[in-house]
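Hints in hand, dock the two standalone chains.
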Amino acid sequence: AQSVTQLDSQVPVFEEAPVELRCNYSSSVSVYLFWYVQYPNQGLQLLLKYLSGSTLVKGINGFEAEFNKSQTSFHLRKPSVHISDTAEYFCAVSGSNTGNQFYFGTGTSLTVIP
Amino acid sequence: DAGVTQSPTHLIKTRGQHVTLRCSPISGHKSVSWYQQVLGQGPQFIFQYYEKEERGRGNFPDRFSARQFPNYSSELNVNALLLGDSALYLCASSLGPQGAFFGQGTRLTVV
Numbered sequence: 026a027q028s029v030t031q032l033d034s035q036v037p038v039f040e041e042a043p044v045e046l047r048c049n050y051s052s053s054v055s056v057y058l059f060w061y062v063q064y065p066n067q068g069l070q071l072l073l074k075y076l077s078g079s080t081l082v083k084g085i086n087g088f089e090a091e092f093n094k095s096q097t098s099f100h101l102r103k104p105s106v107h108i109s110d111t112a113e114y115f116c117a118v119s120g121s122n123t124g125n126q127f128y129f130g131t132g133t134s135l136t137v138i139p
Numbered sequence: 016d017a018g019v020t021q022s023p024t025h026l027i028k029t030r031g032q033h034v035t036l037r038c039s040p041i042s043g044h045k046s047v048s049w050y051q052q053v054l055g056q057g058p059q060f061i062f063q064y065y066e067k068e069e070r071g072r073g074n075f076p077d078r079f080s081a082r083q084f085p086n087y088s089s090e091l092n093v094n095a096l097l098l099g100d101s102a103l104y105l106c107a108s109s110l111g112p113q114g115a116f117f118g119q120g121t122r123l124t125v126v
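Top line first, the protein sequences correspond to chains A and B. Quick note on my numbering: the first sequence kicks off at 26 and runs consecutively. Quick note on my numbering: the second sequence kicks off at 16 and runs consecutively.
Chain B on its own, in the form it takes in the complex (with noise of 0.2 Å):
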């Protein structure tokens, strides 16, 4: 089976734009949740999902914001980036709470 996919694995985007990342979760995983990885910092929850609808929210701005579709896939949507926002996004998939499977990551770049 695969495991949890993301696309793109690295993007460059300039200030100011607008990205859109996308997950698949392992099959049959009906709850996906996306974390930040700022470099050389541990990841930060931004979002749950569970049969697509919001279960948990981080703290991060409006400018964030993620949704779940039909086949539990998601994506997360960032408005109007900042340099801040450069960071690996994580997305993990996962049956219930006994643990969650992570994707590789896009590497996201703000120049």
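In isolation and in its complexed conformation, chain A is listed as follows (with noise of 0.2 Å):
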């Protein structure tokens, strides 16, 4: 089985400041591993995702995050937030095997300060 762990459950910034969103999982197999973004009312969007290869993977709306498999996260990083990065996001893992099972965190929600 998966799990994931978000180490923030709320992360206030300043626009125009950079960002860090972190995510630890935990997997007995290899894994791939996701970030996706909610909106107020809304589903699910992608925003980026790990399955092999580099480590350092890059999504939509400049977003970027790192796989590190022996720290064992996926953080998720921006080096310039807008107003509308304003949302809650969540990690989530799959088993390599398994398919779309997603694993998510209980979420972290980012609010842009003007």
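Think of the hints as simulated: they come from the structure by calculation, not from any bench. Predicted model, so just to flag it, every value in this text is computed and none were measured. Please note: incorrect hints may appear among the correct ones.
A few chain B residues that face chain A, going by a derived Cβ cut-off under 7 Å, partial list only [said to hold, decoys possible]: (1) 43; (2) 46; (3) 48; (4) 56; (5) 57; (6) 76; (7) 79; (8) 80; (9) 99; (10) 101; (11) 102; (12) 105; (13) 109; (14) 115; (15) 117; (16) 118.
Derived DEER-like restraints, expressed as beta-carbon distance ranges [what the hints assert, rightly or not]: (17) B:80 with A:138: 44 to 50 Å; (18) B:82 with A:122: 22 to 28 Å; (19) A:87 with B:110: 23 to 29 Å; (20) B:99 with A:32: 25 to 31 Å; (21) A:78 with B:82: 21 to 27 Å; (22) A:76 with B:23: 31 to 37 Å; (23) B:26 with A:32: 31 to 37 Å; (24) A:32 with B:80: 34 to 40 Å; (25) B:27 with A:53: 39 to 45 Å; (26) B:56 with A:37: 38 to 44 Å; (27) B:24 with A:51: 47 to 53 Å; (28) A:37 with B:33: 22 to 28 Å; (29) B:86 with A:138: 42 to 48 Å; (30) B:56 with A:53: 21 to 27 Å.
Some residues of chain B that are not near chain A, with every Cβ distance over 12 Å (derived) [unchecked claim]: (31) 27; (32) 28; (33) 33; (34) 44; (35) 84; (36) 92; (37) 98.
The beta-carbon is built from N, C-alpha and C at its ideal position, and this holds for glycine as well.
What follows is the structure, given as structure tokens:
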């Protein structure tokens, strides 16, 4: 089985400042890792994913994440945030042999302050 | 192309009733999975179907069931509703294990 821990439930940050949202995972098998964003009263939108290969992955809206196998982490970063980045962010893991059976963290609420 | 569509968008049910939620995947996607998202929490995996066969089941009671049809659409059924079943139910479709596309969800309120 897999599990995800998102270490920060709320992250306030000023506009144009950098941000890092932390995610650690646990699994006994090889995994795929994902970050999704959820805007109020909407479904989830895929930001980026790590399947294999380069440990630094780039996604939409200027976000990137780095897979660190030794630390079992997949932290999300953005060098300069905008007001429109205010949303709930979820880290998710799936086993590489179980398809899209995602296990999500509890989410991090990012609030960008003007 | 249309994204993942779910119906209804909202509904209110009484404790003990039964509910059916519906999902139409993106055209060509053969895998559908269902998630329950309680307010303030992350989505919890309920079921995954691929080519009409159940491929995975999360830690939910037998009151929850699902099926997938030949056109790859899917239904989630919940019997004997409890107050704690109130949540946003999300459907996701995918071509493979590289990530899924989610619908807008069905907001279920049990009173």
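Verification of the supplied hints:
1. 43: At about 15 Å, which exceeds the 7 Å cut-off, the nearest Cβ of chain A leaves the hint on residue 43 of chain B violated.
2. 46: holds, 6 Å
3. 48: Hint holds; residue 48 of chain B Cβ to chain A Cβ min 5 Å, cut 7 Å.
4. 56: Cβ of residue 56 of chain B sits 6 Å from chain A, so the hint holds.
5. 57: Holds, because the Cβ-Cβ distance from residue 57 of chain B to chain A comes to roughly 4 Å (cut-off 7 Å).
6. 76: Where the cut-off is 7 Å and the nearest Cβ of chain A is about 18 Å from residue 76 of chain B, the hint is violated.
7. 79: violated, 15 Å
8. 80: violated, 17 Å
9. 99: violated, 17 Å
10. 101: Status violated, d = 15 Å.
11. 102: Interface hint status for residue 102 of chain B: violated (13 Å vs cutoff 7 Å).
12. 105: Holds, about 6 Å.
13. 109: With a closest approach of 5 Å, the residue 109 of chain B hint holds.
14. 115: holds, 4 Å
15. 117: holds, 4 Å
16. 118: holds, 5 Å
17. B:80 with A:138: 44 to 50 Å: holds, 45 Å
18. B:82 with A:122: 22 to 28 Å: holds, 23 Å
19. A:87 with B:110: 23 to 29 Å: Because 26 Å falls inside the window, the suggested range holds.
20. B:99 with A:32: 25 to 31 Å: For residue 32 of chain A against residue 99 of chain B, whose Cβ atoms are near 27 Å apart, the range 25 to 31 Å holds.
21. A:78 with B:82: 21 to 27 Å: Because 37 Å falls outside the window, the suggested range is violated.
22. A:76 with B:23: 31 to 37 Å: Distance hint for residue 76 of chain A, residue 23 of chain B holds at roughly 35 Å.
23. B:26 with A:32: 31 to 37 Å: holds, 36 Å
24. A:32 with B:80: 34 to 40 Å: Holds, since residue 32 of chain A and residue 80 of chain B (Cβ atoms, about 36 Å apart) stay within the stated range.
25. B:27 with A:53: 39 to 45 Å: Since the Cβ atoms of residue 27 of chain B and residue 53 of chain A sit about 41 Å apart, the hinted range of 39 to 45 Å holds.
26. B:56 with A:37: 38 to 44 Å: violated, 21 Å
27. B:24 with A:51: 47 to 53 Å: violated, 35 Å
28. A:37 with B:33: 22 to 28 Å: violated, 43 Å
29. B:86 with A:138: 42 to 48 Å: holds, 47 Å
30. B:56 with A:53: 21 to 27 Å: For residue 53 of chain A against residue 56 of chain B, whose Cβ atoms are near 24 Å apart, the range 21 to 27 Å holds.
31. 27: Non-interface label on residue 27 of chain B holds, nearest chain A Cβ at 16 Å vs cutoff 12 Å.
32. 28: At about 20 Å from chain A, residue 28 of chain B clears the 12 Å cut-off, so the statement holds.
33. 33: holds, 24 Å
34. 44: violated, 10 Å
35. 84: holds, 18 Å
36. 92: Answer for residue 92 of chain B: holds, closest chain A Cβ roughly 19 Å.
37. 98: Holds, since 21 Å exceeds 12 Å.
Hint violations for this structure: numbers 1, 6, 7, 8, 9, 10, 11, 21, 26, 27, 28 and 34, all remaining hints satisfied.
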